[in-house]
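Visitor: So the chains spell out like this:
There are 4 protein chains.
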Amino acid sequence: MKETIGFIGLGSMGLAMATNLVKAGYKVRAWNRTAARGEPLSRLGATLVSRPEDVAEPGGLILSSLADDTALEEVIGNNEGLLRRLGQGGVHLSMSTVAPATSRRLAGGHARHGVTYLAAPVLGRPDAAAAGKLWIFVSGPAAAYERVRPVLRVLGQGDFHLGEDAGAANVAKLACNFLIASTIEALAEALTMAEKNGLARTTMADLAAGTIFNCPAYRNYGRLIAEGRYEPALFKLSLGLKDIRLVLQTADSSRTPMPLASLVHDHFLAALAKGRGDWDWTALAAEVSEDAGLPAPRPREQAG
Amino acid sequence: MKETIGFIGLGSMGLAMATNLVKAGYKVRAWNRTAARGEPLSRLGATLVSRPEDVAEPGGLILSSLADDTALEEVIGNNEGLLRRLGQGGVHLSMSTVAPATSRRLAGGHARHGVTYLAAPVLGRPDAAAAGKLWIFVSGPAAAYERVRPVLRVLGQGDFHLGEDAGAANVAKLACNFLIASTIEALAEALTMAEKNGLARTTMADLAAGTIFNCPAYRNYGRLIAEGRYEPALFKLSLGLKDIRLVLQTADSSRTPMPLASLVHDHFLAALAKGRGDWDWTALAAEVSEDAGLPAPRPREQAG
Amino acid sequence: MKETIGFIGLGSMGLAMATNLVKAGYKVRAWNRTAARGEPLSRLGATLVSRPEDVAEPGGLILSSLADDTALEEVIGNNEGLLRRLGQGGVHLSMSTVAPATSRRLAGGHARHGVTYLAAPVLGRPDAAAAGKLWIFVSGPAAAYERVRPVLRVLGQGDFHLGEDAGAANVAKLACNFLIASTIEALAEALTMAEKNGLARTTMADLAAGTIFNCPAYRNYGRLIAEGRYEPALFKLSLGLKDIRLVLQTADSSRTPMPLASLVHDHFLAALAKGRGDWDWTALAAEVSEDAGLPAPRPREQAG
Amino acid sequence: MKETIGFIGLGSMGLAMATNLVKAGYKVRAWNRTAARGEPLSRLGATLVSRPEDVAEPGGLILSSLADDTALEEVIGNNEGLLRRLGQGGVHLSMSTVAPATSRRLAGGHARHGVTYLAAPVLGRPDAAAAGKLWIFVSGPAAAYERVRPVLRVLGQGDFHLGEDAGAANVAKLACNFLIASTIEALAEALTMAEKNGLARTTMADLAAGTIFNCPAYRNYGRLIAEGRYEPALFKLSLGLKDIRLVLQTADSSRTPMPLASLVHDHFLAALAKGRGDWDWTALAAEVSEDAGLPAPRPREQAG
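Chains as they are written, first to last, in our numbering: chain A, 1 to 304; chain B, 1001 to 1304; chain C, 2001 to 2304; chain D, 3001 to 3304.
No lab work stands behind these hints: they were computed from the structure. Computed from a predicted structure; not experimentally measured. One thing to keep in mind: the hints can contain errors.
As the list claims (entries may be wrong) - Restraint-style ranges between C-beta atoms, simulated for each label pair:
#	chain 1	residue 1	chain 2	residue 2	range
1	D	A3200	B	S1238	43 to 53 Å
2	A	T70	C	G2275	28 to 38 Å
3	B	N1214	C	R2229	44 to 54 Å
4	A	H113	B	D1127	49 to 59 Å
5	A	T70	C	R2112	22 to 32 Å
6	B	S1042	A	A131	57 to 67 Å
From the three backbone atoms N, C-alpha and C, an ideal C-beta is built for every residue, glycine too.
The task is simple: from the sequences and hints, build the whole structure.
Guide: Put into structure tokens, the structure is as follows:
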């Protein structure tokens, strides 16, 4: 009989992960601020509760997938009731993309209730979450990591334990998102230069992804950027900006100049200022095209 | 019996390619400014000549692999004797990394002698050239491309014909080198942020290359940058700077702002100013580390 | 008989301003976290108190000069005792460089006690404060501004009322500090290019300041940067970085990309990473020089 | 009786300078590619000639004011007839904004004919040229400088001899234009941040120019940028871009990273890509405004 899992946060990522857990035979007790989001999960057999603290049981395991640092602190970090209930032996697998400093602060607070905090941010968008193909970076105590590995195997195609420092997995996750954002910027500039010199954007994208950049990031993003397909969003630009802010904040507090992160931030910010926050984050490329005098993309009608 | 090939320029790339052609059964007549570089080739059966024009025969095929735009213009573009000798039906496969504008100018000049100019820059370093594993971008008349395909198959693992515009292949090649340089910058910043936040550089490099960036560029460069192994150079920083200058020049003349190319240029230039022009171009990462207050790398002794 | 003024914060700026007020005949009641800093002021006749709230009297005027947003919020914004005591008709002239958002938040909190908050950040370093030569930007209710004008005339050579929005004066102050930091960056690059092309730095600085840039900012900073005199600090680099962080934070929350502010931030951060936080903020120029391969400046011995 | 002066190049700067020389009593013999431009000068008593070499007399003085390096090289540098005619004791006062390397190369070529080349680029727009209020930077042999000083006094409000290196004055001039372009960028960002935070652009511009930036550059440019008055151009954006290219070229060849020059270059290039090359170079500020989501400026009708 599998363990009961408390699940907090049923956004598009959280819902997909919770669904996979239910399907894998776990008993899931879930909470979401907007309860209606949980209905599909409920139909599969999960229990929905009305307060975050109600997902926890003594010494149990909870997973969280929340929007940002503030939500994580409010719903769990400052929720004495929840932490007390979880108590000695409890484990919190915290899958949101947050600042390393937030994880470290929460780890300390959890410990005062005997709860182990594991940072476990993921790489992959909702489609990867639904397919159980996430990559998961974990940091925190090794014993707790061993305990949650069967759960991680349901959620992802691979996981990496990055040591005891609660913040380490967040550092890795932020670095990866920064690498993706940098790839978007680089592809945007390369494809724009190609276009303005008579070489088709799609040809250029395929050349790169077909030779030395034959990997998911270049294949997926290259096509989107080449075709200027910025809607519907697979990952919203406003969320990309949020993550780059965390990168710059982490860089600043560790005295690490990151001029490329600054450049990407300024391009995301320009896109937001133009009302493109709900477009896909590859729409950063529209800033590069427009600066080259090419026409601004017009929002597409979403596929019916 | 295979065609005779005239080969101009026996630098580390040219020598490797010419060697493969000889081994594949082509009769090669080669010229290099410093004749001694051709001796190994001569021992394999190639003929060395003392003037560039002596490699050509009427209606024949020549390949060139020269240091830069200036060398290409001097040795071939302005070499009336060579072009006249090659004459009607002759083909020049020009494999150097040069500006698209240079290729276009040369294509025009060649045409006045009935010679077809094909731009054919390559992706890959000398080890890939020796292994016949280059990627080759070709542009120029389709008929000439068909004629040289058997030769390209000896030199590379794949080739792409990008249309009639002589400059197109150079645009693609410059865009790829820009993408690599951008990758170096991005990895440098990501690994430095990781290091300053307690996560080992090699761990971070392996995480990226083991998940969504699982491609040669990230695997190869990630390791070099993580370990700070900048000598011996696989591709010299001064040559990387030369290529980024061509990128910026092409961008400027086509009115394409490329702020990331400017950033990479400034980092390469700083490295050159510090006397690091002979290090590998991944040493751009040393600029990022030093700006974060980490110690400057010291040149390694080269392996004996 | 002049009004009694409560003065909070006796750093180098605050002490100079409070001293001028005493000399001008105001009765001053002052508080500083480290009481000993107030002794010179006490000898001139000011009263030192042991709690911030003790500087206030009903309907009176207080001035504050505190290190940053956090200090301002702790010592005054969240100090219910102080605000209640000041009460209806009281005015707080808040001279620290803080975020516009901080001023707006405090203005709201003050209003609940009947206290008027005036943002009044200043342009000028301690020597200008001592000479009563500050420039003062004020924002908040006009009636309160009229009341404090005689005080402003003691402290500065000119003041500007920028309207009712409490944050306006902070916006103006941050913009000015950004302009100065940009001037430092621009001069650093210009003088380094001059030096590397055979023209003496001091000659170049004097040419600019003697022609179209004949104003205090270029005259003062030009000389410091030309001579590489970064110690003793007239304004610490770590404080300059703090202000640029406020600029970027204000820019980010208002969706205003400021790439030059990002550049300056990254240079300040690099200087901090190298242990130069206590140097003058013109030491940003050392980053530019070092990137050009020129030797790093060595800390000077301070004049005896 | 005053010396005869040969004058080459009657653009808006050249015509204004030549006019002042005629009015000051000099005998002027002038050439311009488009002869009609010289008519107003002819009416004042100047002689117009049909070939550049006809302006010169043995051992005489010529002034040139040409569009760029290429024009200067073609019309004078490679004009053997002109240099031979000028011959031993001749002096060429070269007032165009060109690369230091161009001046050095021309100085060498001139010397072979016994002609002294003086670089003498100027600060100031056509209105300053007309008023005899230019600032003039001179470099080259001191004796020749002494000879031309009376002429310089007619043209400008001040001149500076920067030593024997022919390129030195060009270095200084390029550095000044870079400082102005940087000022435009800085003001653009500062005023945009102000505007987006509720503070009027003109208020902000006046605050800066009325306090620590009380100098011509900030007073003049601040107002133009605040009001978005980009037409008619006082100095065309395309010419500003030309000068920044010279700055970056000089920086590159001397291994001086200038990230702020790169940033300004990219903004000018974006403006050119959008068809704004004929606007005033302060229109760089429109790039900053648009990136902040503010509406693009529309070309004004020129004053009637």
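Visitor: I'd like to know which numbered hints this structure contradicts. Please list them from smallest to largest.
Guide: none
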